[in-house]
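Enquirer: Now for the letters of each chain:
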Amino acid sequence: MIRRILAWIDEETEIISMIKAFMEEPLAKGVGWPHVFGSAALFLFMMQAITGVFLMIYYSPSPDHAYETVQYINRQVLFGRLVRGLHHWGASAMFLMVILHMLQTYFWGAYKKPRQIIWVLGVGLLLLTLGLSFTGYLLPWDQKAYWATVVGTNIAGTVPVIGGVIRDFIRGGEGVGALTLTRFFAVHVYFLPVLVAALAVFHLFQVRRKEITPPGKRAGEETDVEYTSLFYPHQAFKDAVVALFLLAVCLGLAWYYGAPTEAVANSADTAYVPRPEWYFLWLFELLKYFPGKWEFVGGVLLPLVGVIALLIYPYLDNNPERRPDRRPFATSVAILVLLGISALGVMAIVSTPKPRPLSAEEAKGQKVFLDLRCNACHGINGGGGTAGTDLAQAKLGERDPAQLERLLRKPTEFNPRSIMPALGPEVNGADIAALVPYLRTLDTNSRMPIEALVGPRKPASHLEENWFINHKFEVLKDPAYCSTCHKSSFCQSCHQNRRPDSHLHDWLKNHAGVAASRPEYCQVCHPAPQTLCVNCHDVMLHTPDWLTRHRSVPAEPRKLCSQCHPTDFCSNCHTGAKPQSHRDNWLPRHGKEAVKEGKEGCLLCHQQQFCADCHGVEMPHPADFLEQHPKATEASLAPGSPCFRCHKPAEFCGQCHEIPSVEKK
Amino acid sequence: MEKGKHERHHEVPATPEEMTRRRFLSYLTGLLAGIIALIAGIPLAGFVISPLLQKKREIWVKLGPASALIPGEPVKFIYSYQRIDGWFEKTVHNTVYGVESAKAADEIVVLSNICTHLGCGVRWDDGRRAFLCPCHNGVFDMEGKVVSGPPPKPLPRLRWKIAKGQILVRVEEV
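Chains as they are written, first to last, in the working numbering: chain A, 1 to 665; chain B, 1 to 174.
Extracted from the complex, chain B is given alone in its bound form:
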């Protein structure tokens, strides 16, 4: 069978005109395949990157009473808000530290507890008077500046305001 097939293969006429026709058909087939890939590929590509195109929403989230702040001492706040996560809605909990300056009562910084190195959650160590990252020994001071370790940037600061005695922070939601 195998042998016979090879013989027959040579029986397909291959005149110069036929070879030109074959080349033309190959190009045409390639073109059609390209069109198919394109008109199927564009929707599929959009389908996959769709979450990146969702608009971001910024909301003010209540943190807690301003009276909870202690001058010269970071205070941990856990806030929560309803977040639309793809096809369902859930309550997200996040931690931030509110630091009121020891000198002036209005000087407040609200620090995210997310380490700028690789995103672990930093925590305040009262003994060392610093924020310590549990992952790669990043150390930040009370204002969020890097003291030692690998973090490239100070801890992110959140925009805040005080309304009716409550601290509100600006949260960016995807």
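In isolation and in its complexed conformation, chain A is listed as follows:
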């Protein structure tokens, strides 16, 4: 069935016969395993194209999201780490195959007449491969991405006169930023791959036209060539074996190492040591020997001369010999260049400072450091938060471990105004015992470990340099905005030791006004401001009826008045010795008022004894007075007794008693 469909397609289009004719290329004797590298490079290019397209399904080329989407691919997407790893290792493998392919072509003398143009197209493909690599490693937007691009584009900037324009053109502006990322993305995923594909097709077409070089034959003398095999299946089988091997190697590397990801791009990190990908290392090392204004010689001129030499070399080399041993000069030059580049590469690797590896305990401390989110406030050489001291500058290695531990447990002991949250009992001793040695390792060579992404990402505003200073103003502008992510208790993680600055001077005096006009300000930190007020005020809350209530405040809470009010505050209203109520014929009225309002009002100013000073008895009469009054009054029934100041004896006593009995007495 399938055969019949294929036969029909071929009858209609002849495409299958054409492919067959193309694939069944006769190959000269001696073509074999050394000739697999071109196919291997093509296979890896296809693998890069496919994995690249798949990565684009989840990737977003913007500085806000690029790093995050790459992390998402690494952590959340099924096989994401593997697919990204394949793309990463495939890039290196592809470059390696391209170089091996070139070396094989060189040592076999295959670039010689009549195949010079195939070599030239190949050099074009090499440059495109390097371009793909350079544009590709900006895309994850991690430290390596950022710095490699800064350095790489600055090299272009060293060209005299027009360097700055070239650099800005590549970057899409003055700095490496959003515009750099989007243009690198477009170039990496579209322009360069399309060019590679087109050039590779042309390259292959030329190879098919001019045949693979018969090994060992002198240029121009390819007459009695013996053909012993076909491209398909003989050579294709070898290519497939190599392709499977390369895929297995890349998969293995991807499985074990994934694709290395560094911390998110951060131009403030001073301890980061930017190093390019391994195949650019030799160029990187070379630049160390070209100081100052000669920089562009090493960075631009030498590579440019090298490329031009590669392009015109097949036309300059007139020696018809192909076997390497019969053209010793060409062979030794190539070996020397290779050795030179390798030596530069090795020197670059050796000269890269290596951070001291952390011991098991220190590594655990590093994890504790991240788990406790110390990095939210403290930076290490610029990586991390800016609110606290940069720990790399703090010379913690010189501190006594026990002192450090006490500092962690109780920061206010060292600085009463410290806002660092104390590590409570929830952080166990073992964690602290690991954290302290880790902190003591921090110096100017230390780097912030890659942050574990926990919880939602911070909004862009929080990453601004002055956020820590600004946050109080932002809170005031829109407290509700903060509470979309933070619980109100969040403020307390720092502010337990530190009130907002507004609370510092004369706050207690002014707080009532703020609380009344901007209750949301209180709510930012105080979850239930009403209960907070009651905690102090209880009966003292200055509600609208306060003026009439204030005199009835009991003695204990009344002490609080002096927190806001000066001692002479009462006399502002209570002019002279008496309150205003005591004016206008007060004495006859005072009894009724006292009964009506309750005695507490009187007690604000007057002592308990005050009534008795005049009345001779407790006033107003207590509840059990009626039973006790015979005893109390017996001695004082005489005319002029205090009772008769209010009560008329005949009328009042007569309400209950018979009057003669009184008269008898």
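Any given hint might turn out to be false.
What the hints assert, rightly or not - Away from chain B, derived, C-beta distances all over 12 Å, residues of chain A:
id	residue
1	Val201
2	Glu398
3	Lys592
4	Leu603
5	His615
6	Gly654
Stated by the list, open to error - Straight line, CA to CA, 16 Å or less: simulated EDC-like cross-link-like pairs of lysine to aspartate or glutamate:
id	chain 1	residue 1	chain 2	residue 2
7	A	Lys217	A	Asp325
8	A	Lys354	A	Asp443
9	A	Lys472	A	Glu520
10	B	Lys90	A	Asp64
11	A	Lys29	A	Asp325
12	B	Lys90	A	Asp443
Source of the hints: derived by calculation from the structure; they are not laboratory data. For clarity, every value in this text was computed on a predicted model and none was experimentally measured. Think of the CB as a built atom: it goes at the ideal place given N, C-alpha and C, for glycine as much as any other residue.
Dock chain B against the given chain A, drawing on the hints supplied.
Expert: Showing chain B alone in chain A's frame:
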């Protein structure tokens, strides 16, 4: 050149043993290509369908006070919740209608406003006393049942509960 190549093509020896060898190598090459496609294809396939395999999360979302319900009258609620959308987190806003029965106060239905036809947002038309879909003239009654138009099913009902005077609805989040 072209002519010469064809001549040389015939020079490649093609004995019966050689033809068998070629066929064997073709099959072997095909097998290797198949293995390559398989071990590269499985991760890539998983990579693409990965979002379908994410676990769904069900959460209760606060709708509003139960006292906002009016018996015999649909009340529109807009609720929002934090949703993890791939690699970022955002606030999602959705509309539902809470309908309290005119007869019994406990009989509440919470209707999604998503038309069961093709997913446009229906809205309550007070004049016609029905939910109208703005796209293809689907009409639902107050209980969400289809009155006329193309929708195949009544409006979806959300699970709800009332706690501390607030209506909560069950929202399925991917």
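Enquirer: Of the numbered hints stated earlier in the document, which are not met by this structure?
Expert: Result: hints 11, 12 break, sorted rising.
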